[in-house]
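First to last, the protein sequences are chains A and B.
Each residue of the first sequence is one higher than the last, beginning at 0 in numbering that gives the first Met the number 0.
Each residue of the second sequence is one higher than the last, beginning at 0 in numbering that gives the first Met the number 0.
Hints are computed from structural coordinates only; laboratory data are not their basis.
Possibly wrong hints are sitting among the right ones.
In silico contact screen, one side only, chain B against chain A (beta carbon under 7 Å); selected entries [as the list claims (entries may be wrong)]: (1) 64; (2) 75; (3) 100; (4) 105; (5) 110; (6) 111; (7) 266; (8) 489.
Glycine is no exception: its CB is placed at the ideal position from the N, C-alpha and C atoms.
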Amino acid sequence: MTTFEAILLTIVTASTPLLIAALGELVTERSGVLNLGVEGMMAMGAACSFAAAVTFDSTLLGVLAGILAGTFMAALFGLVVLGFAANQVGSGLALTILGLGLAGLIGAPFVGARRNPIAPLDIPVLSDLPVVGRLFFEQDLFVYGSILLTIAVAVYLNRTRVGLMLRSIGENHGSAHGLGLPVLRTRFLAILFGGACAGLAGAYLSLVYTRFWSPGMTAGRGWIALALVVFAAWRPGWALVGAYIFGAATVLQLHAQAAQFGVPSQALSAVPYLATILALLLLSIRRGRAIGAPGSLGLPFVPDR
Amino acid sequence: MQADASPSGHHLVELKGISKRYGDLLANDRIDLAIEPGEIHALLGENGAGKSTLVKILYGVIEPTEGEILWEGRPVAIGSPVEARALGIGMVFQHFSLFDELTVAENIAVALSDDWSLATVRSRLGDISRAYGLALEPDRAVWTLSAGERQRIEIVRCLLQNPRLLILDEPTSVLTPQEAEHLFVTLDKLSADGCSILYISHKLEEVRRLCRRATILRAGRVVGTIDPRARSAREIAALMVGNEVGEVRSGTPHVPQGEMLRVADLTMAPGGLHGQALKHINLVASAGEIVGIAGVAGNGQSELFAALSGERLADRADAIAIAGKGCGTVGVDGRRRLGAAFVPEERLGHAAAPTHRLSENTLISHAAAEVSHSGFILVNAAKRLAGAIVKSFDVRTPEADPQARKLSGGNLQKFVIGREIIRRPRLLIVDQPTWGVDAGAARLIRQALVDLASEGSAVVVVSQDLDELFEVADRMAVIHQGELSALKPINEWTKEAVGLEMLGVSQSQGAAHAV
């Protein structure tokens, strides 16, 4: 395996959690809810999945625990912003702080433990192709899953009746309610989906990407996922493109550090985050052409009955 | 077609003793109403009379506090719009319940039941469009459409479900006269096909054109069910308002004197994503006259107001001149110092700060004058000023010096207009002065505008209400897609001519740039 191949492989691994978390947040935001708690839900997913995987020595149980933890955090958020119509920005920030703290608590006994790498899915013959073989046909299940998830979310949003309902609710919840669409129920389910995805992304981080747990290991990936949704203009296909761009930025800065460019390593570590800010900036400049945010994004909904 | 009851002997729908209470407010008070099959029944009343609440109850959006609904003689509970549609009730909302970023076909599909695919919607859309003359392109995004086209989407959406009863809430408020006539023809055809229509309006003329029975609401109660063709407009208005509504006195005839406002070839890019650009606007308003700007909503009125008030600046100083001084690049406060005053369309949040008291709200436009001194607020002076406005403009307040948000729409509008007029501005520019205001307050506001012009100020009124402009304006122009028509004396305009200009079918293209 050449260095080039190795770099490409790590880019895929770095991009996958970003993509999964961004897809979940994308669906949540398309329903009109802004959940800034992705970072917290991801941290909980990482901690709980690692704890479960080590305790029961099962990757499958670990992944399930991660998904459940993210969903549970999202349910809390949904209760507060839908049930009590609380401010979504404040509640989301609180969720991040809560999630990071709880994850530290749950993960504490497991600091220093390690998991073995999970076996990649080896597709015979095809994986022996030069260069592209290992890149496309010898990845772990999560990578293929995340691509399938992108397609599924795109089809759901644009080709199904329930997806149309979700988009309508995000666009104008007043009108949607007037037509009899179930605004709060749809939003709650969308929030849960966002939480499950963030939890899964966290599980991928601790079980596949690093294979250990340490506090603060999500390292702002939840925030990058949030920026990705804006970068993607709320479209799943663009979320895939964006996730790989940001994943590449994360990996390349590591190699640049190793190559000793004479640039301080702190400056290089900041590259993915600077790229996030730059992407948002470029996007706001050409906003005239991009589709805008969902019309009711971030607004609380209280039906008048 | 105008049967008194269906063959089974029942009304199509009957409301019995419907009440709806919000805290201390009784929005609907024991309302009885019966609609026959195939009938066009009008529901008439002022803003705030309880019309919208009543139809939302009938459509299942709001739950009544008490009362009973009978559908073909059977008691029913309508718990949601889905249940209402299952019975055969369709509704066209006043503020359209459409989704701007979705296409026409998607907007229709989302409201239909599960067994409708986008493809069937598309083909049935064609059939309905042909049958009722409601042309629509299925793949256009809604935000690119005019108000008339948006309303067609709502109507088609209802018709696809073969409704027995169609409810229309103030359907003509956003239409040109021609679009409105087109709608009436569609409604007549529907009624002939046996569909009942509940037509909500406060415009007497169209009710007389369409309906043989009208139920009149006032302050949440039914005050009578009448044949609108057999009564005079005055009688019906008296029933709606509760007392006789006087007409606006013209006072001393308006004689235009010196030029107070000159707009010369003003061009401005649209402000937002779906905004309207202003194109080569020319306009002159002289002291002692009222200039009216008519047009269908969204044709550049708010952009024009923002340009005139200085909320958005022009690129040349001489694009706008107030009292002879070029001020196109000067902001709102600078223009106020030249003697101008402005009343924007949105009263709560734009003209007044909702949680500030009325006295504090006087500071918004009087900052440089008598209510502050070297940066400090003169609290007592502000209170006296607010009191003076409240008194001379008959603002009804729930308490002394309340927060702006506690006033009803009409009273707050009287306050914000009074706040500007009391400064005796040389030029007053006002956007939608009586939008959503009851008849009494509207009359008072129009009178104040006419009086201000009589006393020698120039007044510019931007309004969608044609009747209002014909009542107060001395000269009028029509704005369409950011272009202003020729400014002509009011007696040279007919409603038909205005309607054509609103649609952009101008016979005076060459004169459009003349002043």
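Results of checking the hints against the structure:
1. 64: This interface hint is violated because 11 Å lies over the 7 Å limit.
2. 75: 16 Å, violated
3. 100: 6 Å, holds
4. 105: Hint on residue 105/B: holds, closest Cβ of chain A at ~6 Å, below 7 Å.
5. 110: Because about 5 Å separates residue 110/B from the closest Cβ in chain A, which is inside the 7 Å limit, the hint holds.
6. 111: 9 Å, violated
7. 266: Cβ of residue 266/B sits 19 Å from chain A, so the hint is violated.
8. 489: Check failed: Cβ of residue 489/B comes no nearer than 38 Å to chain A, outside 7 Å.
Of the hints listed earlier, those the structure fails to meet are numbers 1, 2, 6, 7, 8, in rising order.
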